[in-house]
Amino acid sequence: MVSAATSVGRHSPGFPRFALAVALVIAAVYFLLPVVWVLLASTKSPGDLFATNGLWFSDAPQLGYNISRVFTESGGAFGVWVANSVLYSGVGALVATLLATACGYGIAKYDFFGKEQLFWLILAGVLVPATVIALPLYFLLNTVNLVGTYWSVLLPSMVSPFGVYLARIHAATIPDEVIEAARIDGAGEGRIFASIATRMIVPAMVTIFLFQFVTIWNNYLLPLVMLSDGAKFPVTLGLTLWNSQTQRDPYFYTLVVTGSAVSMVVLIGVMMGLQRFWRAGMTAGATKG
Amino acid sequence: MTAAATAITADDVLHGPTDARRRSNKRIGVALLFVLPFTLMFLAFYVAPIIYAIVDSTFAMKSSGLGFGPQQHVFVFLDNYMAALSSPDFQAGLGRLFLFCLIEVPLMVVTAGVLALLLDTGKTLWPRGFRVIYFMPYGVPGVIATLLWGFLYIPSTSPVLQGLSRAGIDLQPLDSGNVLFAIANISLWLYAGYNMIVLTAALNSIPTEIYEAARIDRAGEWAMVWRIKLPLIRPSIVLVTLFTIIGTLQLFVEPLVLSPLTTAINSTFTPNMAAYNAAFAKNNSSVAAAMAVIVAVIAFAMSIGFLKIVNRKGSEAW
Chain A
1 MVSAATSVGR HSPGFPRFAL AVALVIAAVY FLLPVVWVLL ASTKSPGDLF
51 ATNGLWFSDA PQLGYNISRV FTESGGAFGV WVANSVLYSG VGALVATLLA
101 TACGYGIAKY DFFGKEQLFW LILAGVLVPA TVIALPLYFL LNTVNLVGTY
151 WSVLLPSMVS PFGVYLARIH AATIPDEVIE AARIDGAGEG RIFASIATRM
201 IVPAMVTIFL FQFVTIWNNY LLPLVMLSDG AKFPVTLGLT LWNSQTQRDP
251 YFYTLVVTGS AVSMVVLIGV MMGLQRFWRA GMTAGATKG
Chain B
1 MTAAATAITA DDVLHGPTDA RRRSNKRIGV ALLFVLPFTL MFLAFYVAPI
51 IYAIVDSTFA MKSSGLGFGP QQHVFVFLDN YMAALSSPDF QAGLGRLFLF
101 CLIEVPLMVV TAGVLALLLD TGKTLWPRGF RVIYFMPYGV PGVIATLLWG
151 FLYIPSTSPV LQGLSRAGID LQPLDSGNVL FAIANISLWL YAGYNMIVLT
201 AALNSIPTEI YEAARIDRAG EWAMVWRIKL PLIRPSIVLV TLFTIIGTLQ
251 LFVEPLVLSP LTTAINSTFT PNMAAYNAAF AKNNSSVAAA MAVIVAVIAF
301 AMSIGFLKIV NRKGSEAW
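Residue numbers (my numbering), protein chains in the order written: chain A, 1 to 289; chain B, 1 to 318.
A portion of the hints provided could be inaccurate.
Said to hold, decoys possible - Sample of chain A residues at the chain B side, in silico, Cβ under 10 angstroms: (1) 41; (2) 54; (3) 57; (4) 61; (5) 64; (6) 65; (7) 100; (8) 128; (9) 133; (10) 145; (11) 157; (12) 193; (13) 220.
Claimed, not checked - Derived DSSO-like pairs (lysine-lysine); straight-line CA-CA distance at most 30 angstroms: (14) 115/A <-> 308/B; (15) 308/B <-> 62/B; (16) 232/A <-> 62/B.
Bear in mind the hints are in silico, worked out from the structure with no lab data behind them.
Where is the CB? At the ideal position from N, CA and C, for every residue including glycine.
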C-alpha cells in the first residue's frame, strides 16, 4: 500500500488516482444516461413513460409487447425501414469502399498528369458541408427523374472523399518491390490490384466501409430531401414520421422510443463487434502531419 | 520479403531504364481506369451540385411585362444573395450559428482532449472499457440522439430535470435562452467520444523513448501533458477542431427534430433550416441555392482562416 502510494506520488504529483477515477465515471454516466433511459423506456407503456421514474422499471414491464407493436404497426413499416437502412448503408458503403480504394491506389502507385490537383480537389470535398450538397442535388436529380427512387439516396452515398484519402495513405505503404515482382511474374495491373494490393490494405478498406456505413445510416437530410414514399424510408426518417404522430395517438411515443432502442442496439452491436478496425483509420488520420 | 528483394535485382538486370519508362507510359491508361470511376461519381454528386447551386442562385422566376405574362427564368446576378442576406430571419440564423460555433467548438475540443489525456495517464482501471463507452454514441444517428435528449429535456419524462427540481433547481433546457446549449449538449454527446479516439490514436503514436527521457529529467505528469503530449498531438487537435467547425456550420437535424417541443426554434432557426424552408415550403429554389452557397463560403472561409491562424504561430501543424 505504502509503496504503491509513493510510486504514484513520484511519477504523477498532479494526478491523484481517486480524482481521476471519479472524473472518468462521471463522464461514463453522462454518455450512458440517454442509452440507459431509452432501454428502460422501451419496457414501458405510454402512461408509465410519463408517470414513472425514468431511471427505473415500471411495475408492469412490457418490452415484448412494445417490440411486437413496433414491428406490426403501420403494416410492418419498421421492418421495411430497417431493411432499407441496411440496403442504403450496406450497398452504398460497399461500392464506396471499392471506388475509393481503387482511386486511392491509382493516385498512390501511378504517376499521371494532374494527380496531385485531383487529390486536392477530392480533399476539398471533405470540407464541403453535406447539407450544402443535398439541396442542389435534389433539383439536379429532379431534372433526370431520379428523385423519390432508391437511386437518389444510393448513388450519392457511394462517394467517399475521406475514403480516397485513407486509401491513398495506406496504399502508399505497399512496397513498390512487391508490385514490381508481380509484374515480372506476368500479372496484369488489374490482377495486381485485385489479388495483391487489396489484400495488403484490407484493414484500411474495412475502416472505409465502416465509416461510410455509419455515415449513410446516420444521414437524415439526404433521404428527407429525396424521398416521399414511406416504403423507401430509412429507419431515421421512419422514426421521425412516427414522432410526428404522437399528438394523434400517444402510443406513438412508445413506438418511437422502442424503435430507437432497437435500431440503436443493432448499430452499436455492429460497431462494437468491428471495433478493432476503427483504429486503422484513426491512426492514419493522426500520423498524416 | 526475400522474393521482393530478389525481384529488384532481377528487374535491374532484365530491363534497362528506357524500357521501364516506356512501360510506365503505358500504365498511365491503367491508372486512369483506377481513378476514373470515383472521379466521375465525385464530379456528378459533389462538383455538379455545387456548380448547379451557384448557377441557379443567380437566376429568379419573374413575370414578364406588367406582371400578367408567364413566369420566366431571368438572370438576376446577386439579387438572391442580397435578398437572403438582407432578410432579418436569415441574419438572425447566421448570428445564432456563429454563437453556436463559439459555444460548441471549444466545448468539444476541450472535452475530447481532456478525456483522451485522462485515459492516457496509464493510471486508470479499465481504460478500454471507458473508451468504448465514450465512443458508443457515435453509432447513434443524430435524429435518434435528438429524440432521446428531447425526452430528457422535458420535465415530465426527464429523471435529471425531476431530480434537479426536487433539489430546488428549475432548469428549462428548451427555453430560448438555453436552447443553443441544449443543442450543443447533443452534439457533444454524439461526437466527443469519436474525437477523443482520434486524439488517443495520436497520443499512442508518440514514441515511448520520449516519455522515458522525460522521466529521467524528472518531468511530472503536468509537464508531460503541456510540454510533450499536447505539442506532439497538435496536428490531430487541429484536425478535430477543423471538422468540428465544419460540423457545427451544418446545424440542421437537431433543431429540426427539437422544434415541435419548443417555441424557441422556428423554421429559419439556422441558415440550413432557412434554405430547406425556402426550397420546399416557399418553392424558391434560387434563394435556397444562394443560402446554401453562403453556408459553403462561410465554411470554406472559416476553415482557411482557422488553418492560417494555426500555422502563423510558427509550427507546421498542417
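Open item on the list: Could you work out which of the previously given hints the structure breaks and list their numbers from low to high?
Closed with: Of the numbered hints, 3, 4, 5, 6, 10, 15 and 16 do not hold.
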